[in-house]
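Could you build the full structure based on these sequences and the hints that come with them?
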Amino acid sequence: MRHGTFQLIIVLAAVSLAFGGNPPDLPDYSDLSLDQLANVKITSFTKKEQKLSQVAGAIYVITQEQIVRSGLTSVPELLRLVPGVDVAQVNGNQWSVGVRGTVGAYSNKLLVLIDGRSIYSSVFSGVYWDVGMPLLDEIERIEVIRGPGATIWGANAVLGVINIITKSSKDTHGTTITSGGGTSERALGSASMGGAIGSTSYRAFFGGSDNASLSQTSLSQASAAGAGDSWSSVQGGFRLDGSHKRDTWILEGDLFRGVENEIGVSPVLATQRVIESPSQFNTAAGSLTGEWRRHFADTGELRVSSYYDYADRPEPQASRVASGTWDTAIQYDFTAGRHSISAGAGERLITDSIGPGEVTFSPANLTYTNFNAFAQDEMHFVHDSLLFTVGAKLERNHFGGWGSDPSVNLLWMPEKHHSLWISAARSLRTPSLFEIAVNAPFAVVPASAATGGLPVLGSFGGSPAFASESVNDFEGGYRGQLSKALSVDLTAFYDRYSNIRSFVIGNPVLAFAPAPYLLATASTANGTVETGKGAEVSLAWQVLPNWKLEGSYTYTLIDSWLSGSAPPGSVYGDEKEPSRNKWRLQSYVNLSRSWQLDTFLYWTSEASPVTNLESPKVLVPPYTRLDVRLGYKAGRHWQLSLAGQNLLQARHLEGTTELLTAWSYVRRGVYLKSTWQF
Amino acid sequence: MIGLNRTNGRWRPRWPVWRSLSIAVVPLAAAILSGQGAAHAGDSSDVEIRVKAAFIFNFARFVEWPPRSGAGPVRIAILGRGDLERPLRDVIRGKTVNGRSIEVARIGAATDAGCCEILLIERSESRNVKDIVLALSGTPVLTVCDSENCFRDGAMVAFRIVEESVRFEINQEAAERTGLKISSQLLKVAVPGAEKPR
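First to last, the protein sequences are chains X and H. Here the first sequence stands for residues 1 to 678, numbered as in the working numbering. Here the second sequence stands for residues 1 to 198, numbered as in the working numbering.
Treat the hints with care, since some could be wrong.
Under the rule of at most 25 Å between Cα atoms (straight-line distance), these lysine to any residue pairs were calculated in the SDA-like manner [claimed, not checked]: (1) X/K170 <-> H/S101; (2) X/K245 <-> X/S340; (3) H/K188 <-> X/G174; (4) X/K167 <-> X/R246; (5) H/K188 <-> X/H244; (6) X/K245 <-> H/V162; (7) X/K170 <-> H/K188; (8) X/K416 <-> H/S147; (9) H/K181 <-> H/S101; (10) X/K416 <-> H/D46; (11) X/K167 <-> H/R160; (12) H/K95 <-> X/N39; (13) H/K95 <-> X/D31; (14) X/K416 <-> H/K188.
By construction, these hints were calculated from the structure, which means they are not laboratory data.
Okay, structure coming up:
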């Protein structure tokens, strides 16, 4: 298999050599109309740095150009591009996306928003990356803020916020059709059509994908046929953008449907073993979002937005895990003298509904509301070279009660292209229905003399007393343009976590159905304390006019222990060890006007991403991942992309799941994609 | 939360990975070097300056000068050092506007500018915009500046980056005071000034 790697790389390199020497045919911008000129995107690293130079935090933006050139095919995969973000595909339809040490398929301290709509699950506290994600061609950019963002974005933006922003329909007049397929993504396609009626622009889109299984699962002994976790999806939607004098508005909606195969993991009393069993289920999601903005005089803007979001993402052990969220928010931004002030409030009505299965919730259906209000003041001093920001959000969560997310930060720009910042913030991770109401059997201990001749069933139990987790974060950084071609971004952080989830293992109780056994329940509690520290360094270097390099290094260290006040019988809840060292290198080369060769190299050190209540630690060995994409622009309307992923190994393990499902190995994959725009 | 796995064995360093990488690196470097110089097209900052140059060409098309400036060539004078001279010369090569040819010339001082239709103030001179505008006051010269800040110092047109696109502000009032007529097509694309010029 390794010969295959050599050959592929050599062929790619040879192809690039063959076409590398062609003199370029520069596009002549003087032929474009004024409107067209005004819409030419000039995305570049240097421009990005300039815009970001005023943010007192660690922020990174994935641009449209990067989305195309990465050769990646899904939103969670794209997040690999971001320094400091830990992405691991744990099986065919689950990803672990973490920031600063929060890893796992139910990584719960990262908030994800699509055009302002939260897709953080209120049932499992985490994000389902396989349900309701926008088609990549619809995405304008992805902003990733590492570090707390709760003051503005709200609860659960504890260690990071991911803002997925879709294209305005004003920028997408015309038709775009993409289609492709390969070994991992067996088929993918989308079509989008847009235009304008009067001052209102519209776009309608439709797409789908069919994804092959990964390789071999965690328990079953090597099955070359695959991990049984293939899935496919179809989706469609629309977006309207309008403006009239001082008002602008957006109305957008989408529907998503998927069929997924997954390997469920459950303890079976009869055989006294934990077994893997294949399951198939349907996922569904839909949303409708409206936003209206009005500008006042020079300095004020009022924004009112409302959305309804529905997602049903069953688990092998629960036939329905559905949440409907209706959220309404109002925000007013204005400038007064040296103050730039934002203030707002919002309310969210959530209905959770769990279907029957081995995992039960009590209650299985619940409707509740959460409320929040916030204010933030950004003060400008010394000709805007010193920015001091202070703000707080006050929240009432149905499970967690009242809480606040305050933050304060200071940014100093001694020169135009250099900024230094420090920040301190506290943010909350609110309890999910799972932690309050679940009963999930997860382990079985065979009968022995020590167990009194009865098998023991281990089960997770939610506890109504479970409270919000909190994190105090302190960080600082430097961002600078060292020369025209070189920019650098440094961040160091220290996080102090308290009230983190732990479990209290209760005394076994005797149960009788279907046959006598002992039931040991591990109930959620708030007994863990953690610290996290680390540093992130990233560089962007325009080596040659046609060659851009981006590199980063991330160091993360998490320590956890039980707090002194934890009750007897407590065990760590989230004793995860993320990989301490991560390197990432991206190279973007324009071989000629038509040909692009882009290379992505990732190196991740050993990780132990899963907590073990009773079994030995699971190690994910260090791995090196190489992705390569060759792009060809055939004229103005047509573009071809040949991409290879995980080229170095036939398969490797990136991460593991936490509960309910099996994990599998990521395979080498190649696909071809064509994009036609007219 | 639960470990369901049999523990993995220790791993061994995978030398073949590095060997395959080194094999990849040599041809890759060769490919990059052979493409260098050829491929300005995709370079992002290059896109920016060439879009700006194309806009300046369009200013010549969509601005009308008072009749006394005659039917000679449209003259674009460049003051100071910046990125725009080369792409501008590329853009206007062989072009005419409304039957007039276009010329680009570099000038030494703002006082020479009375002799041109468009004065492009490059970045190195953007701090002196106030003086330049003062020296030109009343003459029908479209002052274009490649810096956001110089709009409030009195330049008639200033480039800005708005949502990753090149846009510009126009001080229509100042331009029309000198007898220039700015086409509504151009005004439609302009962004409203964020700070009112003094």
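The hints, checked one at a time:
1. X/K170 <-> H/S101: Measuring from Cα to Cα gives roughly 35 Å; hence the hint is violated.
2. X/K245 <-> X/S340: Satisfied, since the Cα-Cα distance of roughly 23 Å is no more than 25 Å.
3. H/K188 <-> X/G174: Distance of about 21 Å is within 25 Å: holds.
4. X/K167 <-> X/R246: holds, 21 Å
5. H/K188 <-> X/H244: Since the Cα atoms of H/K188 and X/H244 sit roughly 15 Å apart, the hinted pair holds (cutoff 25 Å).
6. X/K245 <-> H/V162: holds, 19 Å
7. X/K170 <-> H/K188: This hinted pair holds, its Cα atoms lying about 15 Å apart.
8. X/K416 <-> H/S147: Since the Cα atoms of X/K416 and H/S147 sit roughly 13 Å apart, the hinted pair holds (cutoff 25 Å).
9. H/K181 <-> H/S101: holds, 19 Å
10. X/K416 <-> H/D46: holds, 21 Å
11. X/K167 <-> H/R160: holds, 21 Å
12. H/K95 <-> X/N39: holds, 23 Å
13. H/K95 <-> X/D31: With a Cα-Cα distance of about 11 Å, the restraint between H/K95 and X/D31 holds, given a limit of 25 Å.
14. X/K416 <-> H/K188: Answer violated: X/K416 to H/K188 is near 31 Å, above 25 Å.
In this structure, the earlier hints numbered 1, 14 are contradicted, and the remaining ones agree with it.
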